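Trainee: Here is how the chains run, residue by residue.
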Amino acid sequence: MLNNKNYFNQERFNSKAIIRLTMVALGFLFPKMAAAEVAPEFSLPLLDKEKTVSLADFKGQVVYLDFWASWCGPCAVSLPELEKLRAQFHNKGFEVVAINLDQSEEDARRFLKNKKLSYPILMDKKQKTPEQYGVVGMPTAFMLDRQGLLRETHTGFTLDDVDKIAKIIQRLLDEKDSE
Amino acid sequence: MKNNKRNPGSLVALTGAALALPAIAQMAQAAEMPTKTELGYRYSGYQEEDLDKGVVLTGSNERYDIKTHQFRLVAPVGEQTALSMDAMFETMTGASAMSVVAFPGGDSMLVMTGASIQEERTDISAELRRQGDQGSKAVALGYSIEDDYEAVNGGLDVERNSADRLTTWSSGIGFSYDQLNPIQQANINRIKSEDRWYYNGYVARAKVHSPVWQSQVGLYLGLYDGYLDDPYRSRDFRPNKRQQFALVTRSRYYFSKLKAAIHCDYRFYNDDWGIDAHTMEVAWHQSLSEFFRVTPILRYYSQSQADFYVDNDSGLREGEQSSDYRLSSYGAFAYGLGVSYSDANYSFTFYAEHYDSSADYALTSVSKANPFLVDYTSFTTGIDYRF
Amino acid sequence: MNARNLKLLITIFCIVLLSGCETATVQAWQRGKLSRTDMAWQADPMTSAYRDHVYTSKEGASGGIGTGGGGCGCY
Numbered sequence: 001m002l003n004n005k006n007y008f009n010q011e012r013f014n015s016k017a018i019i020r021l022t023m024v025a026l027g028f029l030f031p032k033m034a035a036a037e038v039a040p041e042f043s044l045p046l047l048d049k050e051k052t053v054s055l056a057d058f059k060g061q062v063v064y065l066d067f068w069a070s071w072c073g074p075c076a077v078s079l080p081e082l083e084k085l086r087a088q089f090h091n092k093g094f095e096v097v098a099i100n101l102d103q104s105e106e107d108a109r110r111f112l113k114n115k116k117l118s119y120p121i122l123m124d125k126k127q128k129t130p131e132q133y134g135v136v137g138m139p140t141a142f143m144l145d146r147q148g149l150l151r152e153t154h155t156g157f158t159l160d161d162v163d164k165i166a167k168i169i170q171r172l173l174d175e176k177d178s179e
Numbered sequence: 001m002k003n004n005k006r007n008p009g010s011l012v013a014l015t016g017a018a019l020a021l022p023a024i025a026q027m028a029q030a031a032e033m034p035t036k037t038e039l040g041y042r043y044s045g046y047q048e049e050d051l052d053k054g055v056v057l058t059g060s061n062e063r064y065d066i067k068t069h070q071f072r073l074v075a076p077v078g079e080q081t082a083l084s085m086d087a088m089f090e091t092m093t094g095a096s097a098m099s100v101v102a103f104p105g106g107d108s109m110l111v112m113t114g115a116s117i118q119e120e121r122t123d124i125s126a127e128l129r130r131q132g133d134q135g136s137k138a139v140a141l142g143y144s145i146e147d148d149y150e151a152v153n154g155g156l157d158v159e160r161n162s163a164d165r166l167t168t169w170s171s172g173i174g175f176s177y178d179q180l181n182p183i184q185q186a187n188i189n190r191i192k193s194e195d196r197w198y199y200n201g202y203v204a205r206a207k208v209h210s211p212v213w214q215s216q217v218g219l220y221l222g223l224y225d226g227y228l229d230d231p232y233r234s235r236d237f238r239p240n241k242r243q244q245f246a247l248v249t250r251s252r253y254y255f256s257k258l259k260a261a262i263h264c265d266y267r268f269y270n271d272d273w274g275i276d277a278h279t280m281e282v283a284w285h286q287s288l289s290e291f292f293r294v295t296p297i298l299r300y301y302s303q304s305q306a307d308f309y310v311d312n313d314s315g316l317r318e319g320e321q322s323s324d325y326r327l328s329s330y331g332a333f334a335y336g337l338g339v340s341y342s343d344a345n346y347s348f349t350f351y352a353e354h355y356d357s358s359a360d361y362a363l364t365s366v367s368k369a370n371p372f373l374v375d376y377t378s379f380t381t382g383i384d385y386r387f
Numbered sequence: 001m002n003a004r005n006l007k008l009l010i011t012i013f014c015i016v017l018l019s020g021c022e023t024a025t026v027q028a029w030q031r032g033k034l035s036r037t038d039m040a041w042q043a044d045p046m047t048s049a050y051r052d053h054v055y056t057s058k059e060g061a062s063g064g065i066g067t068g069g070g071g072c073g074c075y
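Heads up: the sequence lines are chains A, B and C, in that order.
Heads up, the first sequence stops at 179 in the working numbering, and the numbers go up one at a time, no gaps.
Heads up, the second sequence stops at 387 in the working numbering, and the numbers go up one at a time, no gaps.
Heads up, the third sequence stops at 75 in the working numbering, and the numbers go up one at a time, no gaps.
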C-alpha cells in the first residue's frame, strides 16, 4: 500500500508549479507583501502569418495569456468567451494572447475555422512556453498586469468563471489609475 | 404479438444467464464532463443461424432474430453535472431449446419450442455524474421489462484523479433485483414467480504511460442470490447463489505515423459454478481521412464447463444439473468490421459482426459438444448529433 | 481454477495495480492523442453497449465492462 501513496503526493507536480501556486496563495493572503514574478518572455509566430509576436509587445496592457489546444473540451468553451471579454475591455488596455499547443497547425486551423477571434493566436509547436510557465492542466491562463507581472492563474474553464475573470481584469486595469 | 404469448420459451432463455446489464456496468464510460449535448440512435439486427435439422427432435430449427433500437442523450446540466439517459427496445422472434435428449448411440438431439415466439423487451437507465476538482461521483438507476421478467437496478461510482491526472482510480457498487413470472403452458408444471438479487462491485485503475499509450486494469466481483434456474427447460436445477470474479485489462496505443489506434483487451473470468473464461479482443482503428475511420475487430472467447453441466436431460438424474450450452465448454471467434464518419456535429456509424462458436475452439478439451452452440451475424447502424 | 490459484492471481493483480513504477511524466499539453475518440476505452459507447449486451446474453461469463480515466485530463 505504500506505493499507492505515490499517486497522490506532490512529487509529480513540477517544482515551478509548486512555487507559482505558493506565490499565488501568498499573494492572495498578503496582496501587498508578496512580490509578483515577472512573466517569462517569449517570442512565437502567429498562426498563418509571417509575423512573430513577443510578450514585450504587450507591455503596458493587462494580458490574459491563455494556453489551449484543439482537443481540449473546456478550451472550446473559453475561446468565444474570451472574445467577448476582449470586446468589453480592449479599449481600456486589455488583450488576450492565446498560445496554441497543438502539434499540428492543421488541427488548430480546423478548430478555429468558424470562430471569429480578433486576439492574436500564437503557435508553440515545440511546447516550450507551457513548461516555462508551469502549466498544470488544460486550459490554463495567466493574468498579467500592466507591468508584465504574473498576478493570477486560472485552470479550467466553465461559463461560471466569466464573471470572476471580468472582475479580475477590471481590478488589474484600475490599478494604473490609482498609481 | 399478444396472440403468440401462449407459446412456450422466452426471453429468459435468451437473456437468462445475465439478464439486463446492471447499471454499474454502463457507468463511467465517459467520465469527462461533456461540453455539448449529444443525441444518439442505433438500430441493430441480429440473426442466429438455423440449427441443423438433424439435431432437432421436435419443434422448430429457427433460432432468434432480434431487432434493437437504442437511444442515448448525454447533456451537461449545470456547470459541473452531466446527465446521460439510455433506452433500448428489442423485439425478438424464434425458438429456444427446452431439453437435450441423449440416444443410446451417443448422439444428442434437441427438443425445441415452436417457431413463432415474439417478445419485447424495454430497458431504460439514467446516470447523473458530478465533477469535482480531482474526480467525479455518479449515481445510476435502471429499469428493465419483458413479458415474463422485470428488473430494477442501481449503482454508485466514484472516480479520483492523481494530482498530475495521469492515474485515475475508480470504484463502484451496484445491485439489481429481478423478478421472473414465466409464461405458463398447459400440462407443464412451471414456477409461477421467482426473484433474485444481484450485487456487484469493482475497483479499477487507469494510467497514462506516454502521450500515445494508456491502460486500465480492473477487478470485478458479482454475487447472484435467488432463483437462477431456467424455468423453460425441462430439467434445470442450478445453485441459488453464484459468485463471479473478473479481472480486466485494457490497453490503447496510438501510432502517429499510421494514424491508427490499437485496442487490446483481455478478461479473465472465474465463478464458483466452476466456469473459467478467457476473453481477448483486438481492434484496429484506422483513420482514412479527417472524417472517415475503418475498424476491424477480432474477439476470441473460451470457457470451461460448469461443475453441474450435463450433456443431456435425463429424468433419472437427481440434484443440480443443466444442459444449457452457456454452461458447457466451448470457444468462439467474433469477426467485426466498423466504418464511421464523424465531424464536429455529426457521426454516422456502421458495424457488422459474425460470431462463430464451436467446442473445437475451446482452450480445454471437450468430450461432447453441446448441439445448441450459437452462430450469429449482427449489424449496427446509427447516428449521433452534437450541439 | 482452484481457490489457491485464484488467491495467487488476485495477489499478483493487486501488486500490479498498486505499483507505480513505469510512467514517465506526460504533461497536460501532451494529451492530444490520448483524447482522441479512437483512443477512448469505448470508441463508440452505444455500439459497445449493444455488443456487451449480446455477449452477456450468449456466454457463460459476464462482468468487467468499463470505467473511466486517461484521455484528455482537461480541467
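By construction, these hints were calculated from the structure, which means they are not laboratory data.
Nothing here was measured: the structure is a model prediction, and the numbers come from that model.
Wrong hints could be hidden among the right ones.
Straight-line distance between alpha carbons at most 20 Å, and here's what the computed EDC-like set of lysine to aspartate or glutamate pairs gives [unchecked claim]:
id, chain 1, residue 1, chain 2, residue 2
1, A, K116, A, E106
2, A, K113, B, E290
3, B, K241, B, D272
4, B, K259, A, D161
5, B, K257, A, D161
6, A, K164, B, D133
7, B, K36, A, D160
8, A, K113, A, E50
9, B, K259, A, D48
10, B, K36, A, E50
11, B, K36, B, D272
12, A, K115, B, D343
13, A, K59, A, D160
14, B, K67, C, D52
15, A, K113, B, D133
16, A, K164, B, D343
17, B, K257, A, E175
18, B, K259, A, E152
19, B, K257, A, D145
20, B, K241, B, E290
21, A, K84, A, D160
22, A, K128, A, D160
23, A, K115, A, E131
24, B, K241, B, D307
25, A, K116, A, D145
26, A, K164, A, E106
27, A, K92, A, D160
28, B, K36, A, D145
Trainee: Against each hint, give a clear statement of whether it holds in the structure.
Mentor: Hint by hint, here is what the structure shows:
1. A/K116 x A/E106: 17 Å, holds
2. A/K113 x B/E290: 15 Å, holds
3. B/K241 x B/D272: 9 Å, holds
4. B/K259 x A/D161: Since the Cα atoms of B/K259 and A/D161 sit roughly 36 Å apart, the hinted pair is violated (cutoff 20 Å).
5. B/K257 x A/D161: Status violated; Cα separation ~38 Å.
6. A/K164 x B/D133: 18 Å, holds
7. B/K36 x A/D160: Satisfied, since the Cα-Cα distance of roughly 16 Å is no more than 20 Å.
8. A/K113 x A/E50: 19 Å, holds
9. B/K259 x A/D48: At roughly 24 Å apart (the allowed maximum being 20 Å), A/D48 and B/K259 break the hint.
10. B/K36 x A/E50: Roughly 35 Å separates the two Cα atoms, so the pair is violated.
11. B/K36 x B/D272: Outside the cut-off at roughly 44 Å; violated.
12. A/K115 x B/D343: 16 Å, holds
13. A/K59 x A/D160: 29 Å, violated
14. B/K67 x C/D52: 16 Å, holds
15. A/K113 x B/D133: 31 Å, violated
16. A/K164 x B/D343: 33 Å, violated
17. B/K257 x A/E175: Violated, at roughly 51 Å.
18. B/K259 x A/E152: Distance of about 39 Å is beyond 20 Å: violated.
19. B/K257 x A/D145: 43 Å, violated
20. B/K241 x B/E290: Violated. B/K241 to B/E290 sits at ~51 Å, over the 20 Å cutoff.
21. A/K84 x A/D160: 14 Å, holds
22. A/K128 x A/D160: With a Cα-Cα distance of about 30 Å, the restraint between A/K128 and A/D160 is violated, given a limit of 20 Å.
23. A/K115 x A/E131: The given pair, whose Cα atoms are some 27 Å apart, is violated under the 20 Å limit.
24. B/K241 x B/D307: 14 Å, holds
25. A/K116 x A/D145: Cα-Cα ~26 Å, so violated.
26. A/K164 x A/E106: 33 Å, violated
27. A/K92 x A/D160: Violated - the C-alpha atoms of A/D160 and A/K92 are around 24 Å apart, more than 20 Å.
28. B/K36 x A/D145: Not OK: B/K36 and A/D145 at ~34 Å, beyond 20 Å, violated.
When held up to the earlier numbered hints, the structure conflicts with 4, 5, 9, 10, 11, 13, 15, 16, 17, 18, 19, 20, 22, 23, 25, 26, 27 and 28 and fits the remainder.
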